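S.K.: Sequence:
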Amino acid sequence: MFKKTVLALVIFLPLVGAYASQRPNELHVERSISIHASPNRIFPLINEFYQWESWTPYNKDPAMKKLFTGSPRGIGASYAWQGNNEVGQGEITITDSVPTSKVVLDLHMIKPIEAHNAVTFTLTPQGDSTQVSWGMDCKMNLLSKVLDTLYILDWMVGKDFEVGLSRLKTRVEQQPTARYGTDTDRTPQKAPRPGIM
Numbered sequence: 419m420f421k422k423t424v425l426a427l428v429i430f431l432p433l434v435g436a437y438a439s440q441r442p443n444e445l446h447v448e449r450s451i452s453i454h455a456s457p458n459r460i461f462p463l464i465n466e467f468y469q470w471e472s473w474t475p476y477n478k479d480p481a482m483k484k485l486f487t488g489s490p491r492g493i494g495a496s497y498a499w500q501g502n503n504e505v506g507q508g509e510i511t512i513t514d515s516v517p518t519s520k521v522v523l524d525l526h527m528i529k530p531i532e533a534h535n536a537v538t539f540t541l542t543p544q545g546d547s548t549q550v551s552w553g554m555d556c557k558m559n560l561l562s563k564v565l566d567t568l569y570i571l572d573w574m575v576g577k578d579f580e581v582g583l584s585r586l587k588t589r590v591e592q593q594p595t596a597r598y599g600t601d602t603d604r605t606p607q608k609a610p611r612p613g614i615m
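Throughout the sequence shown, residue numbering follows the working numbering, covering 419 to 615 in sequence.
To be clear, the hints were calculated from the coordinates, so they are not data collected in a lab.
Computed from a predicted model, the values in this text were never measured in an experiment.
Worth double-checking, as some hints may not be accurate.
Okay, derived cross-link-like pairs now, EDC-like style, lysine to aspartate or glutamate, Cα gap no bigger than 16 angstroms in a straight line [stated by the list, open to error]:
#, residue 1, residue 2
1, Lys-484, Glu-471
2, Lys-484, Asp-514
3, Lys-529, Glu-509
4, Lys-520, Glu-448
5, Lys-483, Glu-504
6, Lys-483, Glu-471
7, Lys-478, Asp-572
8, Lys-483, Glu-509
9, Lys-529, Asp-479
10, Lys-478, Glu-504
11, Lys-529, Asp-546
12, Lys-587, Glu-471
13, Lys-587, Asp-546
14, Lys-529, Glu-448
15, Lys-577, Glu-504
Label-pair distances were calculated between CB atoms; the ranges are [to be verified]:
#, residue 1, residue 2, range
16, Ile-531, Gln-592, 17 to 27 angstroms
17, Glu-504, Asp-546, 29 to 39 angstroms
18, Pro-530, Gln-593, 33 to 43 angstroms
19, Ala-536, Glu-580, 15 to 25 angstroms
20, Ser-551, Asn-477, 16 to 26 angstroms
Virtual Cβ for every residue (Gly too), placed ideally from N, Cα, C.
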């Protein structure tokens, strides 16, 4: 039985690799949710990294080191982190911000696998609610293409997006009078900037 399994892998994996190498060089992953609130109540929670603490799905390491630099919010705001194997190391920067409708970010992953991806949040009014979409355009290497071939990559990233959007929905709908952060109420944790430590 073991020999048959090994033989199957020896035959199967090269075929998957060959097929995956022909896949597109980019992958788009996107998830959406409807939040019962106006865009102007949701937008500040996305446009300012300090606000991400209440809904991001990526705070999986309690000991994660964080560094907030640049603008307090909007274009130029930057957030760097370093944590365990589950969260890795990287930096994300807001590159475009259209009030109450769109936030575009540049994501630079350093560990476990280096990658540069574009992330976009869009907010679309729908009556008394807002559709919030979280999308990411991934540049694909061979490993990413193999995962995409097996329909794992979209599932892995999409699952995190779904968790984050659900938390954002809860944050907005259960705390309708929440006070959004100001420049004077922040106490960011100190951490070395990724890439120069």
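S.K.: Range hint 15 to 25 angstroms: satisfied by the CB atoms of Ala-536 and Glu-580?
M.R.: Holds - the Cβ-Cβ distance for Ala-536 and Glu-580, about 20 angstroms, lies within 15 to 25 angstroms.
S.K.: Next pair to validate is Lys-484 with Asp-514; report whether the Cα-Cα distance is within 16 angstroms.
M.R.: It is violated: about 22 angstroms lies between the C-alpha atoms, which goes past 16 angstroms.
S.K.: Hint check: Lys-483 vs Glu-471, CA-CA at most 16 angstroms. Holds or violated?
M.R.: holds, 13 angstroms
S.K.: Has the given pair, Lys-587 with Asp-546, been kept, meaning a C-alpha gap of at most 16 angstroms?
M.R.: holds, 14 angstroms
S.K.: Just to be careful, I want the Cα atoms of Lys-577 and Glu-504 compared with a cutoff of 16 angstroms; is the pair within it?
M.R.: Distance ~15 angstroms between Lys-577 and Glu-504 Cα, so the pair holds.
S.K.: Assess, step by step, whether the Cα of Lys-587 is no farther than 16 angstroms from the Cα of Glu-471, and give holds or violated.
M.R.: holds, 14 angstroms
S.K.: Is 16 to 26 angstroms right for how far apart the beta carbons of Ser-551 and Asn-477 are?
M.R.: holds, 22 angstroms
S.K.: Can the restraint linking Lys-484 and Glu-471 be considered satisfied, given a maximum Cα separation of 16 angstroms?
M.R.: Roughly 11 angstroms between the alpha carbons, so the hint for Lys-484 and Glu-471 holds.
S.K.: CA of Lys-520 to CA of Glu-448, is that 16 angstroms or under?
M.R.: holds, 14 angstroms
S.K.: A range of 29 to 39 angstroms was offered for this pair. Does it hold for the Cβ distance of Glu-504 and Asp-546?
M.R.: holds, 38 angstroms
S.K.: Taken at face value, is the distance from the CA of Glu-509 to the CA of Lys-529 at most 16 angstroms?
M.R.: Within the cut-off at roughly 10 angstroms; holds.
S.K.: Taking only the CA atoms, is the gap from Lys-529 to Asp-546 under or equal to 16 angstroms?
M.R.: violated, 41 angstroms
Going through the hint list in order, the structure does not satisfy hints 2, 7, 11, 14 and 16.
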